Amino acid sequence: MKTVIVFDTDDEEGMRNAFKIVDHLASQYLNQRLRAMTPSEIRFGRIEFIKMMRAFSKHITAVQKKDPKAEVNGLRFNKQYADKIWGEKRMEVLK
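Here our numbering = 1-based position in the sequence shown + 19.
Treat the hints with care, as some may be off.
With beta-carbon atoms standing in for the labels, derived distance ranges [what the hints assert, rightly or not]:
hint, residue 1, residue 2, range
1, K39, F96, 13 to 23 Å
2, V91, H43, 34 to 44 Å
3, M20, I79, 51 to 61 Å
4, E90, V23, 46 to 56 Å
No farther apart than 30 Å at their CA atoms in a straight line, the calculated lysine-lysine pairs in the DSS-like style are these [claimed, not checked]:
hint, residue 1, residue 2
5, K108, K39
6, K21, K39
7, K88, K98
8, K88, K77
9, K98, K85
10, K108, K84
The hints are simulated quantities; they were obtained by calculation from the structure and are not laboratory data.
Keep in mind the model is a prediction, meaning the values are calculated, not measured.
C-beta: ideal position from N, C-alpha, C; glycine also.
Please put together the full structure from these sequences, using the hints given.
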C-alpha cells in the first residue's frame, strides 16, 4: 500500500493531523510509534526529577518570604507550578 500525505507548512492544524496519520501508520505497519517525544508524552530522568523537586522547594520558600499568608499547600499553587514546568518541558521537546 502506498500513501501520499501532504505536509503543508502553512497549515498548523494540517501538520498536526499529518503527524497523527503517519504515527498511526507507523504503529500499524512498523509496530513502532513516532510519538515517543511529543509534547503529550514528556519524559525526564530521576536526577532531573530530583532537581525539579529542589527547585519547587526553593520556589515555595521564596513565595512564603514574599507573602507569609500564601497558600502553598493548595492544589492551585501546585498546579500553577506544575503547568509552568510542563510548559518549559514542552518547549524543549518542540525545539
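Quick rundown of the hints versus the structure:
Distance hint for K39 and F96: a CB-CB separation of about 35 Å, inconsistent with the stated range 13 to 23 Å. For the hinted restraint 34 to 44 Å between V91 and H43, the CB-CB distance of approximately 43 Å keeps it satisfied. A C-beta distance of roughly 55 Å is found between M20 and I79, which places it inside the suggested range of 51 to 61 Å. As the Cβ distance of E90 to V23 is approximately 55 Å, the hint placing it in 46 to 56 Å holds.
Only pairs whose Cα atoms come within 30 Å are accepted, and K108 paired with K39 is accepted, the gap being roughly 21 Å. Proximity of K21 to K39 is assessed by CA-CA distance (about 17 Å); at most 30 Å being required, the pair is judged to hold. With a C-alpha separation of about 18 Å, the suggested pairing of K88 with K98 holds against the 30 Å cut-off. For the hint pairing K88 with K77, the CA-to-CA distance comes to about 17 Å; that is within 30 Å, so the pair holds.
A hinted pair counts as satisfied when its Cα atoms are at most 30 Å apart, and K98 with K85 qualifies at roughly 19 Å. For the proposed pair K108 and K84, the alpha carbon gap of about 27 Å is at most 30 Å, so the pair holds.
Of the numbered hints listed earlier, the single one contradicted by the structure is hint 1.
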